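Given the coordinates of chain P, assemble chain R onto it according to the supplied hints.
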Amino acid sequence: MCLAIPGKVIEIEKNVAKVDVGGLSRDISLDLCPDVSVGEYVLIHTGFAIQKVDEKEAEETLELLRQMAEAI
Amino acid sequence: MKFIDEFRDKEIAEGLIQKIQRASTRPIQLMEVCGTHTVSIFRYGIRGILPEQIRLISGPGCPVCVTPNQDIDLAIALSRQNDVIIVTFGDMMRVPGSTSSLQKEKAEGRDIRIIYSSLEALNIAKEHPERRVVFLAIGFETTSPTIAVAILRAKEERLHNLFFLNSQKRVPPALVALLQSQRVRIDGFILPGHVSTIIGTNPYQFIARQFGRPAVVTGFEPLDILQGIWMLVKQIEENRAVIEIQYRRIVREEGNPIALKKIDEVFDRDESRWRGLGLISDTGYRFKESYREMDVRKFDVEVEAPKEHPDCLCGEVLQGIRSPSECRLFKKVCHPENPVGPCMVSIEGTCHTYYKFYQP
Numbered sequence: 001m002c003l004a005i006p007g008k009v010i011e012i013e014k015n016v017a018k019v020d021v022g023g024l025s026r027d028i029s030l031d032l033c034p035d036v037s038v039g040e041y042v043l044i045h046t047g048f049a050i051q052k053v054d055e056k057e058a059e060e061t062l063e064l065l066r067q068m069a070e071a072i
Numbered sequence: 001m002k003f004i005d006e007f008r009d010k011e012i013a014e015g016l017i018q019k020i021q022r023a024s025t026r027p028i029q030l031m032e033v034c035g036t037h038t039v040s041i042f043r044y045g046i047r048g049i050l051p052e053q054i055r056l057i058s059g060p061g062c063p064v065c066v067t068p069n070q071d072i073d074l075a076i077a078l079s080r081q082n083d084v085i086i087v088t089f090g091d092m093m094r095v096p097g098s099t100s101s102l103q104k105e106k107a108e109g110r111d112i113r114i115i116y117s118s119l120e121a122l123n124i125a126k127e128h129p130e131r132r133v134v135f136l137a138i139g140f141e142t143t144s145p146t147i148a149v150a151i152l153r154a155k156e157e158r159l160h161n162l163f164f165l166n167s168q169k170r171v172p173p174a175l176v177a178l179l180q181s182q183r184v185r186i187d188g189f190i191l192p193g194h195v196s197t198i199i200g201t202n203p204y205q206f207i208a209r210q211f212g213r214p215a216v217v218t219g220f221e222p223l224d225i226l227q228g229i230w231m232l233v234k235q236i237e238e239n240r241a242v243i244e245i246q247y248r249r250i251v252r253e254e255g256n257p258i259a260l261k262k263i264d265e266v267f268d269r270d271e272s273r274w275r276g277l278g279l280i281s282d283t284g285y286r287f288k289e290s291y292r293e294m295d296v297r298k299f300d301v302e303v304e305a306p307k308e309h310p311d312c313l314c315g316e317v318l319q320g321i322r323s324p325s326e327c328r329l330f331k332k333v334c335h336p337e338n339p340v341g342p343c344m345v346s347i348e349g350t351c352h353t354y355y356k357f358y359q360p
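From first to last, the protein sequence lines are chains P and R. All letters in the first sequence, in the order written, are residues 1 to 72 by my numbering. All letters in the second sequence, in the order written, are residues 1 to 360 by my numbering.
Pulled out of the complex, with its shape left as it was, chain P reads as follows (with noise of 0.2 Å):
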């Protein structure tokens, strides 16, 4: 039930959010996140944005997971 998947924000009209998730486009409520831009990724649970998703963490967990598996 805690399922939430990532998607991209491709328009935003007042609290709603058109999101592209793996090629669907769907509507969400932004009441919880309202601080979010065209071009970002949200996290979505049961219609909802719940949190932006953070590109520079995601690369630098990333990176630094690589870099564990190359010093092996």
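If you are wondering where the hints come from, they were derived from the structure by calculation, not from laboratory data. It cannot be assumed that every hint is accurate.
To be verified - With a straight-line cut-off of 30 Å between C-alpha atoms, the simulated DSSO-like cross-links for lysine-lysine are:
hint	chain 1	residue 1	chain 2	residue 2
1	P	8	R	2
2	P	56	P	18
3	P	18	R	261
4	R	155	R	288
5	P	56	R	261
Quick caveat: nothing in here was measured; it's all calculated off a predicted structure.
Structure of chain R alone, referenced to chain P:
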């Protein structure tokens, strides 16, 4: 998909597995609290690739599974009232109550509708002003703010026919109950990434401070889970116990303050009944005074006395005390087409996950 595929990289996973193998020197038991983690762990075969001395046990993190029979029976009793429309997340439909389920009631002609988002309940209430619409508000902190938004909007829009059967749960105090009960040894927690998206890390500090156990807020892709396990093993081997975040691309220490504020606007904390764990203080919510008119529990409705199948081990499975394969009903009487307990119904239920993936 971006932010998913990169976290399934095989070579990096192999490197992480080796790191874990090298770092791990003693037998440990880690609990994955969240049912979504249990599904990922089985789907990617993570149990099988870990060193033998690292044992993963599944916890109570499936909202459908921990909803007590009393609440399911109340929903069923309400569905039998002619002017009531029940709206629910799909997972609840097949959960057996004491003698029936919402699915059976729907087949009998009751008006029970599945919704994807809490906001759909508002539309159904607007379309049927002559009827009482009851939303089964279940879920952990991930879902609670979305329910709070629906309640706030219903108030704003003066919807007088939308009600909520509130059976929401808070995760951190349930972990206190698990640690205090000492019925299962837990050396560290893989904490739920999406609950933590909302609540942040502060509510978990007691795990390290009071109980001296490490815990890592972890994402749901294979690399996330392996990194989370590696961070836990490292802490345990270094005799450290702190709350760390592996799922940094999503989870902030402070959580989502806007979402937390929505919950606080509508609810106060209260005790709540969990299947298997019983009544636990502080693990639920009750409506604040100004929203109490939406509380379905004020309805006068006769509900049958709760009863459960005497052999169902769901309650112990939820606490990590027993494994589904120890249950005499598992795979014989109880399977996804004929679930005896809720742990076999929900796709995140431990029994369902074992049924689907477990090879002894």
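Going through the hints against the structure:
Simply put, residue 8 of chain P and residue 2 of chain R have alpha-carbon atoms about 9 Å apart, close enough for the 30 Å limit, and the pair holds. This hinted pair checks out: residue 56 of chain P and residue 18 of chain P have alpha carbons roughly 23 Å apart, not beyond 30 Å. Straight-line distance between C-alpha atoms of residue 18 of chain P and residue 261 of chain R comes to about 25 Å, which keeps the hinted pair within the 30 Å bound. Pair hint residue 155 of chain R plus residue 288 of chain R holds up; C-alpha atoms about 13 Å apart against a cutoff of 30 Å.
Between the alpha carbons of residue 56 of chain P and residue 261 of chain R the distance comes to roughly 27 Å, so the proposed pair stays at or under 30 Å and holds.
Checked against the numbered hints given earlier, this structure breaks none of them.
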